[in-house]
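A.B. asks: Protein sequences appear in the order of chains A and B. The first sequence begins at 2 in our numbering and counts up by one. The second sequence begins at 2 in our numbering and counts up by one.
None of these hints come from the bench; they were simulated from the model. Among the hints, erroneous ones may be present.
The list cannot tell twin chains apart, which means a pair is met if one copy fits it or any two copies do.
Heads up, simulated BS3-like pairs for lysine-lysine below, C-alpha to C-alpha not over 30 Å straight-line [to be verified]:
| no. | residue 1 | residue 2 |
| --- | --- | --- |
| 1 | K178 | K104 |
| 2 | K159 | K73 |
| 3 | K111 | K73 |
| 4 | K104 | K73 |
| 5 | K159 | K178 |
| 6 | K73 | K185 |
| 7 | K185 | K104 |
| 8 | K155 | K185 |
| 9 | K104 | K159 |
| 10 | K104 | K155 |
| 11 | K155 | K73 |
| 12 | K178 | K73 |
| 13 | K159 | K111 |
| 14 | K159 | K185 |
| 15 | K111 | K155 |
Protein chains: 2
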Amino acid sequence: MALSMLITGGPTREPIDAVRFISNRSSGKTALAVAQAAMEAGHDVTMLLGCGTIDPPTDLRVHRFDSGDDLKRLLDTHFESCDVLIMAAAVADFQPACVADGKIPRDPTKQISLHLQPTSDLVAIMASRRRHHQRVIAFALEEPQLLAQRAAEKLRRKDVDAIIANPLNTVDADTIKPLWLTTKGHRDSAEAMPKPDFARWLLARIEALY
Amino acid sequence: MALSMLITGGPTREPIDAVRFISNRSSGKTALAVAQAAMEAGHDVTMLLGCGTIDPPTDLRVHRFDSGDDLKRLLDTHFESCDVLIMAAAVADFQPACVADGKIPRDPTKQISLHLQPTSDLVAIMASRRRHHQRVIAFALEEPQLLAQRAAEKLRRKDVDAIIANPLNTVDADTIKPLWLTTKGHRDSAEAMPKPDFARWLLARIEALY
Numbered sequence: 002m003a004l005s006m007l008i009t010g011g012p013t014r015e016p017i018d019a020v021r022f023i024s025n026r027s028s029g030k031t032a033l034a035v036a037q038a039a040m041e042a043g044h045d046v047t048m049l050l051g052c053g054t055i056d057p058p059t060d061l062r063v064h065r066f067d068s069g070d071d072l073k074r075l076l077d078t079h080f081e082s083c084d085v086l087i088m089a090a091a092v093a094d095f096q097p098a099c100v101a102d103g104k105i106p107r108d109p110t111k112q113i114s115l116h117l118q119p120t121s122d123l124v125a126i127m128a129s130r131r132r133h134h135q136r137v138i139a140f141a142l143e144e145p146q147l148l149a150q151r152a153a154e155k156l157r158r159k160d161v162d163a164i165i166a167n168p169l170n171t172v173d174a175d176t177i178k179p180l181w182l183t184t185k186g187h188r189d190s191a192e193a194m195p196k197p198d199f200a201r202w203l204l205a206r207i208e209a210l211y
Numbered sequence: 002m003a004l005s006m007l008i009t010g011g012p013t014r015e016p017i018d019a020v021r022f023i024s025n026r027s028s029g030k031t032a033l034a035v036a037q038a039a040m041e042a043g044h045d046v047t048m049l050l051g052c053g054t055i056d057p058p059t060d061l062r063v064h065r066f067d068s069g070d071d072l073k074r075l076l077d078t079h080f081e082s083c084d085v086l087i088m089a090a091a092v093a094d095f096q097p098a099c100v101a102d103g104k105i106p107r108d109p110t111k112q113i114s115l116h117l118q119p120t121s122d123l124v125a126i127m128a129s130r131r132r133h134h135q136r137v138i139a140f141a142l143e144e145p146q147l148l149a150q151r152a153a154e155k156l157r158r159k160d161v162d163a164i165i166a167n168p169l170n171t172v173d174a175d176t177i178k179p180l181w182l183t184t185k186g187h188r189d190s191a192e193a194m195p196k197p198d199f200a201r202w203l204l205a206r207i208e209a210l211y
């Protein structure tokens, strides 16, 4: 069964001023591996990809985002027509409460306080909008000792269909050690594996949701 | 006259916690164009390059840095043996006063205050260490209306041999509109030009310092 898959990957960048931003170490590698595997399996794939990531394959349909607001606009456009949304993007949890005009000048004598406010929870928003045939899959990046507990909490709180939890050191790495939890109570895990292998492992579990 | 050139490029990343950081929109394109032009002109080039930039040519000698502290360590190692240091890297001016262990959890109800302190002024430090035969060239990225004034101030304050000032919109762009000022009172400017053309324009002016 060929599905229409919307896959997000890479970091968001939240501006501090005209040149500076807050971001995270997401490389987009996991999302790109999943997109590649989904294409090879015959699914119709659209990718939303952050800045500063590795280049996607040329045969992949890609829209680029910078901030979380950009990603939100792209999701508003593309979510309705997908069957599955895989939210592998590392969306910033915080953004500066106000963005400075121009460039904040360097002052070697002064500390600066930057006020950060929580960003919109894009996964929860999309999950709340999904219709009967749509599935939303989230990722959780957590400290190893809290992984299972936080993943289960996140699955409930965001009301998604399934969650992939992985330890902090997955960011920008070439392997991933996944834990898979679904709202229907399925639980599965595996040893660390290369991201292309993980992509096929994940895809089999997503296809089984249908 | 073949010179030994140490060229820095791209952004630094200053960690907030295990996955998040503050950075800037520098792409490293200007520095890579200068490195390429310098190699073609027969100079001996070592490049120090930030993360998240475009891939350098394979025949270029490159060392990667992440934070400003990493860059400082590389400069400590490589500065002594160079004739010219070209500081095209967009070094963060501020860094979190303390780095959180692990990953700061998302809390949708709470604002966070992030205290930022000024980073070490690497250009000024290197300039203060230079010996008679060494030249240090700085870059200044400024708002267009303050460009000339701030560049002249920076030239004096950092005590470098010359400065290239360019407007804010140069970051991550394909062209550059440079203003060149030296401590000996030379001043030169040009219309916006592609970065490879700028690299040759700059190199001619650096060679003329000898």
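A.B. asks: Indicate, hint by hint, whether the structure satisfies it.
C.D. replies: Going down the list of hints, with the structure as the test:
1. Taking identical chains as interchangeable, the C-alpha atoms of K178 and K104 lie at most 30 Å apart only when they sit on different chains, with a minimum of 18 Å there against 41 Å within one chain.
2. Taking the shortest Cα distances, K159 and K73 sit within 30 Å of each other inside one copy (16 Å), while across copies they are farther apart (43 Å).
3. For a Cα distance limit of 30 Å, the shortest separation of K111 from K73 across copies, 21 Å, qualifies, whereas the shortest one inside one copy, 35 Å, does not.
4. When the C-alpha separation of K104 and K73 is checked against a cutoff of 30 Å, the pair qualifies both within a copy, at 26 Å, and between copies, at 23 Å.
5. Taking CA atoms no more than 30 Å apart as the test, K159 paired with K178 passes inside one copy only; the shortest distance there is 22 Å, against 48 Å between copies.
6. With identical chains, the CA atoms of K73 and K185 are at most 30 Å apart within one copy only, with a shortest distance of 28 Å there and 52 Å across copies.
7. Proximity of K185 to K104 under the C-alpha cut-off of 30 Å is restricted to the inter-copy arrangement: shortest distance 29 Å between copies versus 50 Å within a copy.
8. With identical chains, the CA atoms of K155 and K185 are at most 30 Å apart within one copy only, with a shortest distance of 14 Å there and 62 Å across copies.
9. Taking the shortest alpha-carbon separations for K104 and K159, only the inter-copy value of 19 Å comes in at or below 30 Å, while the best intra-copy value is 36 Å.
10. Taking identical chains as interchangeable, the C-alpha atoms of K104 and K155 lie at most 30 Å apart only when they sit on different chains, with a minimum of 15 Å there against 37 Å within one chain.
11. Taking CA atoms no more than 30 Å apart as the test, K155 paired with K73 passes inside one copy only; the shortest distance there is 20 Å, against 40 Å between copies.
12. In this assembly of identical chains, the alpha carbons of K178 and K73 lie at most 30 Å apart only when taken from the same copy (28 Å versus 34 Å across copies).
13. In the homo-oligomer, the alpha carbons of K159 and K111 lie at most 30 Å apart only across protomers (18 Å), although the nearest pairing inside one protomer, at 40 Å, exceeds that limit.
14. Taking the shortest Cα distances, K159 and K185 sit within 30 Å of each other inside one copy (15 Å), while across copies they are farther apart (63 Å).
15. Proximity of K111 to K155 under the C-alpha cut-off of 30 Å is restricted to the inter-copy arrangement: shortest distance 18 Å between copies versus 39 Å within a copy.
The structure meets every hint from the earlier list without exception.
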